[in-house]
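**Q** Going line by line, the protein sequences match chains R and L.
In terms of my numbering, the first sequence opens at residue 91 and continues consecutively.
In terms of my numbering, the second sequence opens at residue 36 and continues consecutively.
Calculated directly from the structure, the hints in this document are not laboratory data.
Worth double-checking, as some hints may not be accurate.
[Said to hold, decoys possible] Label-pair ranges, simulated between beta-carbon atoms: (1) L/S214 with R/N232: 33 to 39 Å; (2) R/Q100 with L/D125: 44 to 50 Å; (3) L/D314 with R/Q143: 46 to 52 Å; (4) L/A133 with R/V208: 35 to 41 Å; (5) R/M223 with L/S62: 47 to 53 Å; (6) L/P464 with R/E170: 39 to 45 Å; (7) L/S214 with R/A247: 36 to 42 Å; (8) R/E155 with L/D211: 55 to 61 Å; (9) R/Q143 with L/P399: 21 to 27 Å; (10) R/K205 with L/A133: 51 to 57 Å; (11) L/G397 with R/P153: 26 to 32 Å; (12) L/G380 with R/A211: 19 to 25 Å; (13) R/P112 with L/R467: 43 to 49 Å.
[Said to hold, decoys possible] Here are some, though not all, of the chain R residues that point toward chain L, as calculated from beta-carbon distances under 7 Å: (14) R102; (15) H152; (16) L252.
None of these values were measured; they are calculated from a predicted model.
Every residue, glycine too, gets a C-beta built ideally from N, C-alpha and C.
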Amino acid sequence: MTFNLEIDGQIRQVEIDPADPPGQWRIRIDGEEVEADAHLIRPGVMSLIIAGQSHRLVLDAHPTEPALHAGPQRIPYRVEDPRSLRSRRRHAGSASPLPVRASMPGRIVRLLVEKGEVVAAHQGVIVVEAMKMQNELKSPKNGRVAEIRVSPGDTVAAGDILAIID
Amino acid sequence: MFRKILIANRGEIALRILRACRELGISTVAVYSDADRAAPHVLEADEAYRLGPPPAPESYLRGDLILDIARRTAANAIHPGYGFLSENADFAQACEDAAIRFIGPRPSAMRILGSKTNARQAADEAGMPRTPGCVHGLASPEEALDVAAAIGYPVMLKAAAGGGGKGMRAVLRAEDLPSAFASASSEAERAFGSGEVYLEKLIERPRHIEIQLLADENGHCVSLGERECSVQRRHQKVLEEAPSAVVDEDLRRRMGEAAVRLALSAGYTNAGTVEFLLDGDRNFYFLEMNTRLQVEHPVTELVTGHDLVHLQIRIAQGEPLPFAQRDIHLRGHAIECRIYAEDPGNNFMPSPGRITRLLQPGGPGIREDSGIYEGWVVPVDYDPMLSKLIAYAPTRALAIARMLRALDEYVIGGIRTNLDLFRQILRDPDFRAAGIDTGYLDRLLAASSPDQVNPASSAPAIAAVAIFEATKNASNGSAAALPSSASAWKTAARREGIGGTDWTPRRP
Chain R
91 MTFNLEIDGQ
101 IRQVEIDPAD
111 PPGQWRIRID
121 GEEVEADAHL
131 IRPGVMSLII
141 AGQSHRLVLD
151 AHPTEPALHA
161 GPQRIPYRVE
171 DPRSLRSRRR
181 HAGSASPLPV
191 RASMPGRIVR
201 LLVEKGEVVA
211 AHQGVIVVEA
221 MKMQNELKSP
231 KNGRVAEIRV
241 SPGDTVAAGD
251 ILAIID
Chain L
36 MFRKILIANR
46 GEIALRILRA
56 CRELGISTVA
66 VYSDADRAAP
76 HVLEADEAYR
86 LGPPPAPESY
96 LRGDLILDIA
106 RRTAANAIHP
116 GYGFLSENAD
126 FAQACEDAAI
136 RFIGPRPSAM
146 RILGSKTNAR
156 QAADEAGMPR
166 TPGCVHGLAS
176 PEEALDVAAA
186 IGYPVMLKAA
196 AGGGGKGMRA
206 VLRAEDLPSA
216 FASASSEAER
226 AFGSGEVYLE
236 KLIERPRHIE
246 IQLLADENGH
256 CVSLGERECS
266 VQRRHQKVLE
276 EAPSAVVDED
286 LRRRMGEAAV
296 RLALSAGYTN
306 AGTVEFLLDG
316 DRNFYFLEMN
326 TRLQVEHPVT
336 ELVTGHDLVH
346 LQIRIAQGEP
356 LPFAQRDIHL
366 RGHAIECRIY
376 AEDPGNNFMP
386 SPGRITRLLQ
396 PGGPGIREDS
406 GIYEGWVVPV
416 DYDPMLSKLI
426 AYAPTRALAI
436 ARMLRALDEY
446 VIGGIRTNLD
456 LFRQILRDPD
466 FRAAGIDTGY
476 LDRLLAASSP
486 DQVNPASSAP
496 AIAAVAIFEA
506 TKNASNGSAA
516 ALPSSASAWK
526 TAARREGIGG
536 TDWTPRRP
């Protein structure tokens, strides 16, 4: 199995094959070979021994931002998927409509713009409150407010689309 | 003796109180909002009753509903914890009228000491040093200008009903005072329902030192030493310790005696805390009194060896304090970290959501007062504190080492937490040298870049991701499986012939 892994701001090519006995793995990171002995303690919690060094690695299982806890560090990562690369490129062009998404669960406090209004990139669009703190969600691009899907008082979940900027 | 106590709170403190009740053989009644149906305090209580929808004014602040549940369940007493109704004198009065003991001071003492302006008057009567400034609410910006001119700038505007940094403004020059007065007053009005503000001289670079008191109903009051709470972010305590590195026996005795005098003059009973500012010359000034159990009470418990919640309950039952001032000795050093669901890398934005992974620290000298479990969804409706991690050791240096060790064992997945912030503080040379004041943390955060150091070696992390990816679909047989503790148990169970009916051999 071969895939690209984005970790610590770098893209690494990783090749992995099971070895004998079960639990042993041969892994090549950018061509450099590592032999690892892995044991699953419970779902998401792995004991890994590499060259006699013992590591505890824990999957964060964050719904949108996968990360791994290695010792004191929380290391975000992304397994490269060619489709997501294409969609990111499209975002950068900003010619097509882009959503304003809730970054965390909360309640809508107020709307700072109206449908049809012209907005600049990074201009505040919607104010969301969570845990008594208010968070201003910004426009992802220069454009016009094509749609507002929420009203003050609504409860929203992380990742919900609150508005569309065209 | 109390047979049953209703706990009018949630989160870690509800669980903390519940455990104390269990230990004393008292049965417990939990109350909960719709957001907390699956909360740990509900799970662990003997009885549990719904209050209402998630917002606090419709649930944990509904004193009428809580009293009603207490009557229906024949609870003898109500423990309010901290926050919510804990400093509400009207609620304490309503409990008294219903012949249900409020575990805390009497309403009259709460009224004197709960308002900061009233408490400043009481401090004067008790002969306690306080910051220069007024002892009454300010009627107008003009009056504020007169008082400020008399004591000299810089000054601090504060809400009389305040707490948690709300309605507080530092003012350096007279021309800024009128607008600061207006904004502090309206912020206080919104937060506390009272716009009363007063003014005091700003102490430069103070330390926040507070004295824990216990007073029984026979007029016997003792101090249980100090806590140092100078590590604050925007006037909110983040890390506390006991004892303070700068308080010696003599200063401890003088602060303790002043605090006891204030409490006795107001007829105070039960647990309470007198907060002081300490200036660079180790002069102390009365700040305010908190008429309840504090979040940071565990550090005092560890260095004194006394369980404050047990003692609160026993005092409320009318028992005398089981010790005298001369019996109180501080031993060792304790540090508490307040673990929050917030993202230090993103301006400390709250980070509610599901805790998908939880590995909790343990071992010698570690105590965790927690209100979470793996799978628990941290609600958006309340304070985002998850747990309090407390380390106890013979010396401050060993307590720091122990806390750092425990932080490295602690994993909270699925949400962001401030665990890294504590590593940064505990490794900082100024903190280690106890060179701290209430502005210390804000300066540390302003000076440091939010970027993390690069890991020494990323090979184990990359290998782990690769193995997790390669075994993702192991359960349906489409990829290689990983040996696990669960499968080893199943293998053994099968060999012993004790079940394992769902066991199927897997080939790598």
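**Q** Honestly, do L/A133 and R/V208 meet the 35 to 41 Å range at C-beta?
**A** violated (60 Å)
**Q** Confirm or reject the claim that R/Q100 and L/D125 have a C-beta distance inside 44 to 50 Å.
**A** violated (60 Å)
**Q** Can you tell me whether the CB distance of L/D314 to R/Q143 sits inside 46 to 52 Å?
**A** For L/D314 and R/Q143 the Cβ distance comes to about 50 Å; the hint holds.
**Q** Given the hint of 43 to 49 Å, is the C-beta distance from R/P112 to L/R467 inside that range or not?
**A** The hint (43 to 49 Å, Cβ to Cβ) holds, given that R/P112 and L/R467 are roughly 46 Å apart.
**Q** Please check whether R/L252 passes as an interface residue: C-beta within 7 Å of a C-beta belonging to chain L.
**A** Where the cut-off is 7 Å and the nearest Cβ of chain L is about 15 Å from R/L252, the hint is violated.
**Q** Verify the CB-CB distance for R/E155 and L/D211 against the hinted window 55 to 61 Å.
**A** violated (42 Å)
**Q** Given a hinted range of 51 to 57 Å, is it respected by the beta-carbon distance of R/K205 and L/A133?
**A** Holds, since R/K205 and L/A133 (Cβ atoms, about 53 Å apart) stay within the stated range.
**Q** So, R/H152 near chain L? Judge it on the closest CB pair being under 7 Å.
**A** Holds: closest Cβ of chain L sits about 5 Å from R/H152, inside 7 Å.
**Q** The hint says 26 to 32 Å between L/G397 and R/P153; measuring C-beta to C-beta, is that right?
**A** holds (28 Å)
**Q** So the hint says 47 to 53 Å: do the beta-carbon atoms of R/M223 and L/S62 match that?
**A** Roughly 37 Å apart at Cβ, these two residues miss the hinted range, so it is violated.
**Q** Look at the Cβ atoms of L/S214 and R/N232 and judge whether their distance stays inside 33 to 39 Å.
**A** At roughly 35 Å between Cβ atoms, R/N232 and L/S214 fall inside 33 to 39 Å, so the hint holds.
**Q** That 36 to 42 Å hint for L/S214 and R/A247 (C-beta), does it hold up?
**A** holds (39 Å)
In summary, the structure is inconsistent with hints 2, 4, 5, 8, 16 from the numbered list given earlier, while agreeing with the others.
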